[in-house]
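Q: One letter stands for each residue in the lines below.
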Amino acid sequence: MTSALSYAVWALLGLALVGVWVRSSVPGSSLARPGLVLERLATGPFLRIALVVAWGWMGWHLFAR
Amino acid sequence: MLLVVLVAYALFAASTTAFTRSANIATAVPIVAVVVLAVALWPLRPRPPRLGPDAGHPWRAWVCVFGAVVAWELAEYAARGSRADHPTLSSMLDAVNRYYGLKVIVFFLWLYLGAAIVRRGGRRQRRARSEAQ
Numbered sequence: 001m002t003s004a005l006s007y008a009v010w011a012l013l014g015l016a017l018v019g020v021w022v023r024s025s026v027p028g029s030s031l032a033r034p035g036l037v038l039e040r041l042a043t044g045p046f047l048r049i050a051l052v053v054a055w056g057w058m059g060w061h062l063f064a065r
Numbered sequence: 001m002l003l004v005v006l007v008a009y010a011l012f013a014a015s016t017t018a019f020t021r022s023a024n025i026a027t028a029v030p031i032v033a034v035v036v037l038a039v040a041l042w043p044l045r046p047r048p049p050r051l052g053p054d055a056g057h058p059w060r061a062w063v064c065v066f067g068a069v070v071a072w073e074l075a076e077y078a079a080r081g082s083r084a085d086h087p088t089l090s091s092m093l094d095a096v097n098r099y100y101g102l103k104v105i106v107f108f109l110w111l112y113l114g115a116a117i118v119r120r121g122g123r124r125q126r127r128a129r130s131e132a133q
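These protein sequence lines map, in sequence, to chains A and B. The numbering of the first sequence is the numbering used here, which starts it at 1 and goes up by one. The numbering of the second sequence is the numbering used here, which starts it at 1 and goes up by one.
These are computed hints drawn from the structure, not numbers from a lab. Ideal Cβ positions, reconstructed from N, Cα and C, are used throughout, including at glycine. Take these hints with a grain of salt, some might be off.
[To be verified] If you want a taste of the chain A side facing chain B, the calculated C-beta under 10 Å gives, among others:
#1 S25
#2 V26
#3 V52
#4 M58
[Stated by the list, open to error] Derived DEER-like restraints, expressed as beta-carbon distance ranges:
#5 R33/A / R80/B: 23 to 31 Å
#6 S3/A / A40/B: 42 to 50 Å
#7 A11/A / N24/B: 18 to 26 Å
#8 V32/B / A16/A: 29 to 37 Å
#9 G81/B / W60/A: 24 to 32 Å
#10 S29/A / T17/B: 37 to 45 Å
#11 L47/A / I105/B: 22 to 30 Å
#12 N24/B / V18/A: 32 to 40 Å
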């Protein structure tokens, strides 16, 4: 029961992410497209360092450790 | 061309096993490459993208969704009980990574994200340079 609830929440979050992604690609949408979000993160003076560190940590955590 | 290189590298890297020297090296090489490329290609003073005054709140939905993902990840990580009862993103991806074909896809997506980060971080500088010429 507990894991079913957890997976249901993960599924909802995944759907929300896909929904935001799709809505952002509709012409005239006020939402930033994923590329622009990434560009905003990659051009922030401190955010860009955090972004590279987070990306590297994610890869190390998932594939190496 | 870049896509071919990334796919080939993902095919190779996915064949390594976690907690081994080969996996460490296969993962460290792209990390070092992204850091070196970022230092070499990114401007010292970056200029974030400027949006028009009527842009509204272009980031809000993204911040909300990613904030919810982080909050749920932390809640699951801290929850009492087995990891099977409280799966985190890592534990779910560990299960995915047991299958070579799926691990190739996950590794490729990680590499692609790294390449996109490098490209997006230096994009405006390249554009400004090409406009000046």
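Q: With reference to the structure, classify each hint as holding or not holding.
A: Hints and how they fare:
1. S25: Since the shortest Cβ distance to chain B is 13 Å, the answer is violated.
2. V26: Constraint on V26/A not satisfied, violated at 12 Å.
3. V52: 6 Å, holds
4. M58: With a minimum Cβ separation of about 7 Å from chain B (threshold 10 Å), the hint on M58/A holds.
5. R33/A / R80/B: 23 to 31 Å: With a Cβ separation near 40 Å, R33/A and R80/B fall outside 23 to 31 Å, so the hint is violated.
6. S3/A / A40/B: 42 to 50 Å: 46 Å, holds
7. A11/A / N24/B: 18 to 26 Å: 33 Å, violated
8. V32/B / A16/A: 29 to 37 Å: 34 Å, holds
9. G81/B / W60/A: 24 to 32 Å: The hint (24 to 32 Å, Cβ to Cβ) holds, given that G81/B and W60/A are roughly 27 Å apart.
10. S29/A / T17/B: 37 to 45 Å: 43 Å, holds
11. L47/A / I105/B: 22 to 30 Å: 27 Å, holds
12. N24/B / V18/A: 32 to 40 Å: For N24/B and V18/A the Cβ distance comes to about 33 Å; the hint holds.
The structure fails to meet hints 1, 2, 5, 7 from the earlier list, while all remaining hints are met.
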